[in-house]
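Protein chains: 2
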Amino acid sequence: MARINDHYLKLAGGYLFPEVGRRVEAFRVAHPDADLIRLGIGDVVLPLPRSVRDAMHRAIDEMGTEEGFRGYAPDQGYPFLQQAIARVEYGSRGVEIAPDEIFISDGSKCDSANIQEIFSPEARIAVPDPTYPVYVDSNVMAGRSGPADANGSYAGLVYLPCTEATGFLPEPPDEPVDLVYLCSPNNPTGSAASREQLERWVAWANRNQAILLYDAAYASYITQAGLPHSIFEIEGARRVAIEFRSLSKSAGFTGLRLAWVAVPRELEGRDASGAAVSIFDLWKRRHATKFNGVAYPVQAGAAAAYTPEGQAEVRELVDYYLANARALLEGLGSAGLRTFGGINAPYVWLETPAGTGSWEFFDRLLEESSLVGTPGAGFGPAGEGYFRLSAFSKRDRIDEAVGRIEKLRF
Amino acid sequence: MARINDHYLKLAGGYLFPEVGRRVEAFRVAHPDADLIRLGIGDVVLPLPRSVRDAMHRAIDEMGTEEGFRGYAPDQGYPFLQQAIARVEYGSRGVEIAPDEIFISDGSKCDSANIQEIFSPEARIAVPDPTYPVYVDSNVMAGRSGPADANGSYAGLVYLPCTEATGFLPEPPDEPVDLVYLCSPNNPTGSAASREQLERWVAWANRNQAILLYDAAYASYITQAGLPHSIFEIEGARRVAIEFRSLSKSAGFTGLRLAWVAVPRELEGRDASGAAVSIFDLWKRRHATKFNGVAYPVQAGAAAAYTPEGQAEVRELVDYYLANARALLEGLGSAGLRTFGGINAPYVWLETPAGTGSWEFFDRLLEESSLVGTPGAGFGPAGEGYFRLSAFSKRDRIDEAVGRIEKLRF
Chain A
33 MARINDHYLK
43 LAGGYLFPEV
53 GRRVEAFRVA
63 HPDADLIRLG
73 IGDVVLPLPR
83 SVRDAMHRAI
93 DEMGTEEGFR
103 GYAPDQGYPF
113 LQQAIARVEY
123 GSRGVEIAPD
133 EIFISDGSKC
143 DSANIQEIFS
153 PEARIAVPDP
163 TYPVYVDSNV
173 MAGRSGPADA
183 NGSYAGLVYL
193 PCTEATGFLP
203 EPPDEPVDLV
213 YLCSPNNPTG
223 SAASREQLER
233 WVAWANRNQA
243 ILLYDAAYAS
253 YITQAGLPHS
263 IFEIEGARRV
273 AIEFRSLSKS
283 AGFTGLRLAW
293 VAVPRELEGR
303 DASGAAVSIF
313 DLWKRRHATK
323 FNGVAYPVQA
333 GAAAAYTPEG
343 QAEVRELVDY
353 YLANARALLE
363 GLGSAGLRTF
373 GGINAPYVWL
383 ETPAGTGSWE
393 FFDRLLEESS
403 LVGTPGAGFG
413 PAGEGYFRLS
423 AFSKRDRIDE
433 AVGRIEKLRF
Chain B
33 MARINDHYLK
43 LAGGYLFPEV
53 GRRVEAFRVA
63 HPDADLIRLG
73 IGDVVLPLPR
83 SVRDAMHRAI
93 DEMGTEEGFR
103 GYAPDQGYPF
113 LQQAIARVEY
123 GSRGVEIAPD
133 EIFISDGSKC
143 DSANIQEIFS
153 PEARIAVPDP
163 TYPVYVDSNV
173 MAGRSGPADA
183 NGSYAGLVYL
193 PCTEATGFLP
203 EPPDEPVDLV
213 YLCSPNNPTG
223 SAASREQLER
233 WVAWANRNQA
243 ILLYDAAYAS
253 YITQAGLPHS
263 IFEIEGARRV
273 AIEFRSLSKS
283 AGFTGLRLAW
293 VAVPRELEGR
303 DASGAAVSIF
313 DLWKRRHATK
323 FNGVAYPVQA
333 GAAAAYTPEG
343 QAEVRELVDY
353 YLANARALLE
363 GLGSAGLRTF
373 GGINAPYVWL
383 ETPAGTGSWE
393 FFDRLLEESS
403 LVGTPGAGFG
413 PAGEGYFRLS
423 AFSKRDRIDE
433 AVGRIEKLRF
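Residue numbers (the numbering used here), protein chains in the order written: chain A, 33 to 442; chain B, 33 to 442.
So that you can see chain A by itself, here it is in the shape it has in the complex (with noise of 0.2 angstroms):
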């Protein structure tokens, strides 16, 4: 039989995500009345905005047309829609990326799991803890760690907690590294970056030759004034970074898949020699080598995305979404809960109840008040004792799933 690669045998049980379904399908077919909530996977619900359909609409009759049929897109994605986003999300912020210096991609989970093929197996990866179960997945698969122990922590993975104490976002490694994972806003804690702390990892990143993947997937839920939307907005992060943005939370497009990666000319890893290589030029050779565009429909959606009309409408879901948050916030709270996040983020990290681990409080929502969620713990030995919940819902289900959680006594 044909050998195969063993470091997926490492891999402790279940994608989190299934997992989670799986517990919820014993439950609905135990208990088929339930009236289920669904604050668990990160996932939209409201209807695509208008000026998103009608251009697909558009694009969908123009490929039933003899001059207006497209067939493959340009791999790196259409040159209209790398520069309706480097305009609107980039330089209309004062922020330097070139429209070719974006790739257009079906999602920033296949990013973020894809990066990592680029660069050595040998590469030492720091992750934040708890964190997006991808970007260690994807490392443990490609052989960049040995076994994992009780909690589900990788043997040679470099962890960077998340606690209370870190304001639930990482802090630079002593020991150095090749790369590191930073999500902000955060996903799960739904905590975002300051300005101060991203200029903090990139002096860290320039002086250790490390390389910042940066995932910023949920940068329109950013409110406050002052924090970074892009690392490209600190100086020196040209020279450091890599980020991942996505089309998922901002327009909606959990269903339809569109995202990017900016990756600056600038950027160099080294050679086995020594010798600087491109970083562009080898994620452009993977992108030309194993993607083949976005569907154009969806493209031209996305294009739609950045007019003005376009932009009002997502703006309107992201203010819904955050609105929720802060329900969920208030809510939690007048429950006797201690929360964390939702604030820059359409996530609420809350900690479970003393003496609760994070399984046990999934089970003890889901049992006592049919309400998902997704356990801390799920996202890494450190997010034990906290508990994920999502924005992601209609008004009066985020209200009803509220006064379930007050009725609770914690």
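Derived by calculation from the structure, the hints in this document are not laboratory data.
Keep in mind that a hint or two might mislead.
[As the list claims (entries may be wrong)] Label-pair restraints from in silico Cβ distances:
no., chain 1, residue 1, chain 2, residue 2, range
1, B, Lys-439, A, Asp-93, 35 to 41 angstroms
2, A, Glu-154, B, Phe-112, 40 to 46 angstroms
3, A, Gly-175, B, Asp-132, 25 to 31 angstroms
4, A, Thr-388, B, Gly-53, 56 to 62 angstroms
[What the hints assert, rightly or not] Chain B regions said to be covered by chain A (calculated; three or more residues, Cβ under 8 angstroms):
no., stretch
5, 88-98
6, 151-159
Positions of the beta carbon are idealized from the N, C-alpha and C atoms, including for glycine.
With chain A's structure known, arrange chain B on it following the hints.
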């Protein structure tokens, strides 16, 4: 600086099609008024079928409503599409593939590039020569080869020559390998494997405990009766094969992106200890971790291609391109060129005039006839002396191309 994946530096030159693109672009700049005919990249040109467009419009309208909005798709695909594919592509031909053995994706390029990840870094790989470059490049990137020689052949890979003597399809190797990439109808040679040939491969793989990675992206172009459309038409294939299929060239989806991988549950590899491991489980884990589903409107459009109306439209598209291929075969023949393929595939494989290298022939066709094809050598050393012309064009352009070729003196 962070250490890069040095294997990328072994990649010889650019990926073939970007290199073709660069030469064409240089020609366009030098000859802005030239009437270029592009028979290079195999990209469809006819409008998207009405049934596909109608279904996509409906899906987009649904996503504009509170009740009809859909967020993340199931990462393996919507059951409605898995079922349609299982029924029409497999069940109707008496082939046993269950809906949940079908993994919907955004393209066969991605799938055939990604599949190697679940196998050992030390797995021994065989590829046809000439071949679709993605099979080779994805394995070079993963470190399964040494450096390339002057012909572009990589040390450590096993090349299976597809020559006139072998009917332009590979024969099983004499040496042991773990994974074999097969492509039928073949890209680039345009030949399709007979039942007998596939039976020989399946028997060989069962005997040698190898896995066949069977790319049948062009299956809908098979016209001759008795030729298998799926490797799973062969007894015993479920224990040794993975199949790649696509809607790109059948329903005109190159600009929409939809494909699938069929992985039978019986298929096994072995881990370091020699224990059997389910390949289905490994691929499922990769899919869940590194992929996030295909856009709902695209899946809805794909399902429409499997309705009776959709199937009739697909047949019409395929027949149009097959008629083009016949016109190419006839025209090239009367121009005195020897041709192959083009009967069960949208590609014509022609022998370049004696003494003319395939890149030389490419440049000559471009300079003298403003005609773009693909040099055989770009697909591998055994492609030297051959040239691929794609039938994916409007008929009047095919006729014009034939006229120009007839004017050249060979």
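Do three or more residues of the stretch 88-98 of chain B come closer than 8 angstroms to chain A, measuring C-beta to C-beta?
holds (count 8)
Outcome for the supplied range 40 to 46 angstroms, where the beta carbon pair is Glu-154 (chain A) and Phe-112 (chain B):
holds, 45 angstroms
Confirm or reject the claim that Thr-388 (chain A) and Gly-53 (chain B) have a C-beta distance inside 56 to 62 angstroms.
About 59 angstroms separates the Cβ atoms of Thr-388 (chain A) and Gly-53 (chain B), which means 56 to 62 angstroms holds.
Taking the Cβ atom of Lys-439 (chain B) and the Cβ atom of Asp-93 (chain A), is their distance within the range 35 to 41 angstroms?
Since the Cβ atoms of Lys-439 (chain B) and Asp-93 (chain A) sit about 39 angstroms apart, the hinted range of 35 to 41 angstroms holds.
Given that the stretch 151-159 of chain B was listed as covered by chain A, double-check it with a C-beta distance under 8 angstroms for 3 or more residues.
holds (count 5)
Range hint compliance [Cβ, Gly-175 (chain A) to Asp-132 (chain B), 25 to 31 angstroms]:
The hint (25 to 31 angstroms, Cβ to Cβ) holds, given that Gly-175 (chain A) and Asp-132 (chain B) are roughly 29 angstroms apart.
When the structure is compared with the earlier hints, no violation turns up for any of them.
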